[in-house]
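J.: Residues per chain are reported as follows:
2 protein chains.
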Amino acid sequence: MTSRTKFRLHPARRGAAVRSRGHAIVPRFGTRGQPEESRASILRAAVAEFAEHGIAGARTDAIARAAHVNKALLYYYFKDKDALYEAVLDHVFSGLRARVMPVFESDLPPRQKILKYLGEYFDYIAANPRFPRVVQAEWMRAGGKGHVPMQRIAKEYFLPIFAKLVDVLRQGIEAGEFREVDPIDFVPSVVGIIIFYFSTAPLMKSLVKVDPLSEGRIRERRAFVLNFISAALFR
Amino acid sequence: MTSRTKFRLHPARRGAAVRSRGHAIVPRFGTRGQPEESRASILRAAVAEFAEHGIAGARTDAIARAAHVNKALLYYYFKDKDALYEAVLDHVFSGLRARVMPVFESDLPPRQKILKYLGEYFDYIAANPRFPRVVQAEWMRAGGKGHVPMQRIAKEYFLPIFAKLVDVLRQGIEAGEFREVDPIDFVPSVVGIIIFYFSTAPLMKSLVKVDPLSEGRIRERRAFVLNFISAALFR
DNA sequence: GTCATATAATTAACTAGTTAGTTAGATTGT
DNA sequence: ACAATCTAACTAACTAGTTAATTATATGAC
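Residue numbers (the working numbering), protein chains in the order written: chain H, 1 to 235; chain X, 1 to 235.
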């Protein structure tokens with residue numbers, strides 16, 4: 001990894017095929033095939049590979065193969081393995097943010113707001129059960145001390161959500177509806193409850209008869225999580 | 001990895017220096033240095049390395065260096081990287097089992113039993129905050145589908161504890177002291193709450209001012225966890 | 001309309017560096 | 001002497017990342 005490589009611009013960033021305001025793709029000069037399709041296909045394959053093997057364990061060859069593209073194309077769209085992983089993280093967290101932030105804009109009372117937040121969070125993960133493992137892969141890296149990339153991710157996505165939760169909790173507590181919990185303890189507990197189940201699902205499946213990701217089981221799990229946290233938080 | 005290698009016996013398993021009933025070590029013939037010390041040193045270093053980098057990310061060279069032994073010695077005591085990791089898992093889980101199983105032998109009422117269990121579990125992890133990451137490393141491997149080794153670990157350590165918890169929960173529910181929770185939902189939730197905090201501690205530390213592993217914070221966290229789960233479980 | 005051309009998209013084959021695991025012996029306590 | 005313990009140096013395999021070319025497409029000149 002020379003310093004020249006490091007600062008090389010990637011065609012994808014220079015923008016080749018460009019999506020105009022509407023929806024129709026306006027191709028430029030040498031655009032051929034479906035470049036956005038290729039990029040998306042690589043990202044999709046990367047999500048699966050990183051979720052299954054972590055960052056160190058993920059194989060760029062495997063990602064390329066699963067995406068049905070040549071490995072060099074992977075390095076054409078992404079600087080290196082780390083950049084690809086970062087793109088995956090962005091994908092995961094921007095999806096989550098898009099899903100939960102609107103909840104905080106609504107003017108529901110604190111109790112309903114928390115429940116709605118939990119429900120949306122749960123449903124997003126349930127619809128993408130690989131995501132917890134992808135994120136876990138990050139904090140398994142380098143002792144989880146939080147690289148520069150992860151710092152950015154945390155500041156861009158996590159802290160804003162956390163701040164909103166702090167607000168709602170404060171309101172609920174002031175209104176006497178919530179027990180007095182410290183967000184620094186409450187939030188990671190909630191995240192742990194929701195995420196842990198899904199990230200251990202593959203292992204759980206091999207241990208017990210029931211499929212932890214079956215539709216029925218997920219519905220039960222959802223009800224339990226909301227009920228459990230409600231009992232712990234509401235007066 | 002040839003099949004011959006696979007079945008080679010390791011001196012450690014044949015038993016060299018043997019610890020007699022008392023405490024004094026009774027060395028055999030060519031015993032020199034402190035073989036048990038070397039083995040323990042390797043294990044200790046492996047815990048740290050696996051916790052920091054996961055299985056694929058862990059470097060056997062780094063483990064040997066940290067343990068102040070030649071890398072070949074590592075392969076003298078352990079068949080390969082996987083076997084070393086398995087030994088680490090045994091170390092972690094046997095410690096946990098030794099700590100929590102006595103709780104179930106006691107004749108405390110269900111409520112106190114659960115609280116005692118949670119406290120012991122929490123304290124064990126708090127005293128060894130690297131352990132959650134070590135275990136997480138396992139289910140990040142090969143999609144967490146649960147290798148043969150992990151199946152063994154789960155059956156040997158996890159299922160017995162789970163069974164005891166099922167008992168206590170049933171008793172508590174029948175006595176009308178507990179809300180009606182399904183162990184298949186309750187147990188992973190509790191584990192998630194306890195473990196998640198510690199496995200994300202390094203990242204958390206880089207994000208906020210407070211040290212999540214400071215003595216005071218741990219004490220607070222412990223109180224919160226017991227209180228939170230109590231509120232969610234007890235009537 | 002069509003033809004050369006610039007440029008984007010894509011690939012087969014390669015390389016340099018890393019890493020798990022081995023070998024063949026050296027050392028030491030008994 | 002002898003087996004247990006330990007090591008320096010090695011190797012075979014793997015893997016992230018590169019290179020140098022090739023193919024397809026839109027554009028603009030005519």
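The set of hints was computed from the structure by calculation and includes no laboratory data.
The beta-carbon is built from N, C-alpha and C at its ideal position, and this holds for glycine as well.
Don't take every hint at face value.
Said to hold, decoys possible - Straight-line alpha carbon distances no greater than 20 angstroms define the calculated PhoX-like cross-link-like pairs of lysine-lysine that follow:
(1) 155/H x 81/X
(2) 155/X x 205/H
(3) 81/H x 71/H
(4) 155/H x 71/X
(5) 81/X x 209/H
(6) 164/H x 209/X
(7) 155/X x 209/H
(8) 116/X x 164/X
(9) 81/X x 71/X
(10) 116/H x 164/H
Unchecked claim - Cβ pair distances, simulated, as ranges:
(11) 179/H x 116/X: 50 to 60 angstroms
(12) 226/H x 222/X: 45 to 55 angstroms
(13) 180/H x 183/X: 28 to 38 angstroms
J.: For every hint, state whether the structure bears it out.
T.: For each hint, the structure was consulted:
Between the alpha carbons of residue 155/H and residue 81/X the distance comes to roughly 36 angstroms, so the proposed pair goes past 20 angstroms and is violated. Between residue 155/X and residue 205/H, the direct Cα distance comes to roughly 14 angstroms. Compliance with the 20 angstroms bound is thereby established for this hinted pair. Straight-line distance between C-alpha atoms of residue 81/H and residue 71/H comes to about 11 angstroms, which keeps the hinted pair within the 20 angstroms bound. For the proposed pair residue 155/H and residue 71/X, the alpha carbon gap of about 41 angstroms is over 20 angstroms, so the pair is violated.
Among the hinted pairs, residue 81/X with residue 209/H is inconsistent with the structure: their alpha-carbon atoms are about 31 angstroms apart, more than 20 angstroms. A threshold of 20 angstroms between alpha carbons decides the hint, and for residue 164/H with residue 209/X the separation of about 19 angstroms falls inside it, so the pair holds. A distance of roughly 14 angstroms separates the Cα atoms of residue 155/X and residue 209/H; the hinted pair therefore holds under the 20 angstroms criterion. Annotation: proposed proximity of residue 116/X to residue 164/X holds, straight-line Cα distance about 13 angstroms (limit 20 angstroms).
Proposed proximity of residue 81/X and residue 71/X is supported: the alpha carbons are some 11 angstroms apart, at most 20 angstroms. Between residue 116/H and residue 164/H the alpha-carbon distance is near 13 angstroms, which keeps this suggested pair within the 20 angstroms criterion. Roughly 23 angstroms separates the CB atoms of residue 179/H and residue 116/X, a value that falls outside the hinted 50 to 60 angstroms. With their beta carbons about 25 angstroms apart, residue 226/H and residue 222/X fall outside the hinted range of 45 to 55 angstroms.
For residue 180/H paired with residue 183/X, a C-beta distance near 29 angstroms keeps the hint of 28 to 38 angstroms intact.
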